[in-house]
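There are 2 protein chains.
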Amino acid sequence: MSVSSADAASSTTAPKPTNFGALVFNGMDMLDIWGPLDVFQLNAHTFEMHLELIGVTMDPITTGITDLSISPSRSSFYPKIHPTATINDDLDLDVLLVPGGPGIRAASGLEPLIAFIKKTYPKLQYLLTVCTGASLAARAGVLDGRRATTNKRAWELVRGFGPEVKWVAPARYVVDGNIWSSSGVTSSLDLAYAFVAEIYGKDQSTLIANTMEHTPIAPDEDVFAEIWGVAPTSN
Amino acid sequence: MSVSSADAASSTTAPKPTNFGALVFNGMDMLDIWGPLDVFQLNAHTFEMHLELIGVTMDPITTGITDLSISPSRSSFYPKIHPTATINDDLDLDVLLVPGGPGIRAASGLEPLIAFIKKTYPKLQYLLTVCTGASLAARAGVLDGRRATTNKRAWELVRGFGPEVKWVAPARYVVDGNIWSSSGVTSSLDLAYAFVAEIYGKDQSTLIANTMEHTPIAPDEDVFAEIWGVAPTSN
Numbered sequence: 001m002s003v004s005s006a007d008a009a010s011s012t013t014a015p016k017p018t019n020f021g022a023l024v025f026n027g028m029d030m031l032d033i034w035g036p037l038d039v040f041q042l043n044a045h046t047f048e049m050h051l052e053l054i055g056v057t058m059d060p061i062t063t064g065i066t067d068l069s070i071s072p073s074r075s076s077f078y079p080k081i082h083p084t085a086t087i088n089d090d091l092d093l094d095v096l097l098v099p100g101g102p103g104i105r106a107a108s109g110l111e112p113l114i115a116f117i118k119k120t121y122p123k124l125q126y127l128l129t130v131c132t133g134a135s136l137a138a139r140a141g142v143l144d145g146r147r148a149t150t151n152k153r154a155w156e157l158v159r160g161f162g163p164e165v166k167w168v169a170p171a172r173y174v175v176d177g178n179i180w181s182s183s184g185v186t187s188s189l190d191l192a193y194a195f196v197a198e199i200y201g202k203d204q205s206t207l208i209a210n211t212m213e214h215t216p217i218a219p220d221e222d223v224f225a226e227i228w229g230v231a232p233t234s235n
Numbered sequence: 001m002s003v004s005s006a007d008a009a010s011s012t013t014a015p016k017p018t019n020f021g022a023l024v025f026n027g028m029d030m031l032d033i034w035g036p037l038d039v040f041q042l043n044a045h046t047f048e049m050h051l052e053l054i055g056v057t058m059d060p061i062t063t064g065i066t067d068l069s070i071s072p073s074r075s076s077f078y079p080k081i082h083p084t085a086t087i088n089d090d091l092d093l094d095v096l097l098v099p100g101g102p103g104i105r106a107a108s109g110l111e112p113l114i115a116f117i118k119k120t121y122p123k124l125q126y127l128l129t130v131c132t133g134a135s136l137a138a139r140a141g142v143l144d145g146r147r148a149t150t151n152k153r154a155w156e157l158v159r160g161f162g163p164e165v166k167w168v169a170p171a172r173y174v175v176d177g178n179i180w181s182s183s184g185v186t187s188s189l190d191l192a193y194a195f196v197a198e199i200y201g202k203d204q205s206t207l208i209a210n211t212m213e214h215t216p217i218a219p220d221e222d223v224f225a226e227i228w229g230v231a232p233t234s235n
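Taken in sequence, the protein lines are chains A and B.
The first sequence begins at 1 in the working numbering and counts up by one.
The second sequence begins at 1 in the working numbering and counts up by one.
Calculated from the structure, these hints are not laboratory results.
Any given hint could turn out to be false.
Intra- or inter-copy, both count: the list cannot distinguish identical chains.
SDA-like cross-link-like pairs, simulated, lysine to any residue; straight-line CA separation at most 20 angstroms [said to hold, decoys possible]:
| hint | residue 1 | residue 2 |
| --- | --- | --- |
| 1 | K80 | L110 |
| 2 | K118 | P163 |
| 3 | K80 | P60 |
| 4 | K118 | D220 |
| 5 | K123 | A197 |
| 6 | K119 | F161 |
Next up, chain A with everything else stripped away, as it sits in the complex (with noise of 0.2 angstroms):
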């Protein structure tokens, strides 16, 4: 079976996770964070629940990237997003959100990130990867023999981050034990709707889907991987 339901762990009988964090770092995707969060605030409003978006620095960091080969227009459209934690400080953190981009490409810089998600996930209740963030749990080594997917278009790059990790094709999204990975970009608001749905209850998610219009995805439902011609996994 290549995804299946959250396992135990992750059933509505678990006490329900109240610290949430984000990583933040340069050349991340938006929406990648903004999307699953979005989903989890409209939650908040009902559950109580904290966020704190973690940087290595408390410095603003730039969604733009320099790459010259990715972005070579002139153009000033890269928001910044300020942190309100770094990676030093004692959080406590019950869900780890790491989103991707093109940032993840960086030569350097994300050492400090990856060791943050090695060192924090055994702490975790739930670990959540959006598109190439996979990447980075990847190379803190806690993806190893678990099944998990990324971006479709990113595929072989980032699966070359991970020879031990399971990587599945097609999956909008995969649920093993407590990680919970996401395809690219859009695919983390299916992921998000169906953590609420596992950990706050059916209900609660389909009333935020509907609020919010957006009609969710199941696991298995994935056209990209064979646009980005993805081959069909086995696990």
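Dock chain B against the given chain A, drawing on the hints supplied.
Just chain B, lined up with the frame of chain A:
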């Protein structure tokens, strides 16, 4: 016909818009701006585009709301957004994006933004409204006599702000001349992809959508009007 394509004013032969602005205000919905702006940001790697986040002042705004009837939890899950410009700056905008969110229900404080929309609209190439952001454009009078849509859950509320607007339901998004309006939150992605297709080309829009793993929804494809009991309109 309830939902039409753009008219000549928004054909691909017109000069491509360069200067984009997005309003930000307390209690806005995050995905209302970061969704379409992320689509535009990927476009900005190829085409020269500039973005300003426009507040009444330069003070950071919060996506949180203080109305306990909407948000009874003790959550702190509300990122701040830092404006890069104010409504008093000389911005020379080509495109203005007006997001919505629970903040549009505020009893006061929105008047300066509404006045800004009214003053700015005649100089714009395009006005884009997302979700209940249509209520702010309606209050500015710029939607009078035009076809537009909005969030279906908030339909009656928003309609009350624009008795002279030709509200359209069902509709995922509506284009009337140079005014593009989307339905609830996530529909802003479909509006954004249609906008990129119209201005920058269908192939460019499809490439971005495939990279972000989104299958755009057609303008007349709307299941949420019926879910929220919005009767079909004759506009």
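Violations among the numbered hints
4, 5
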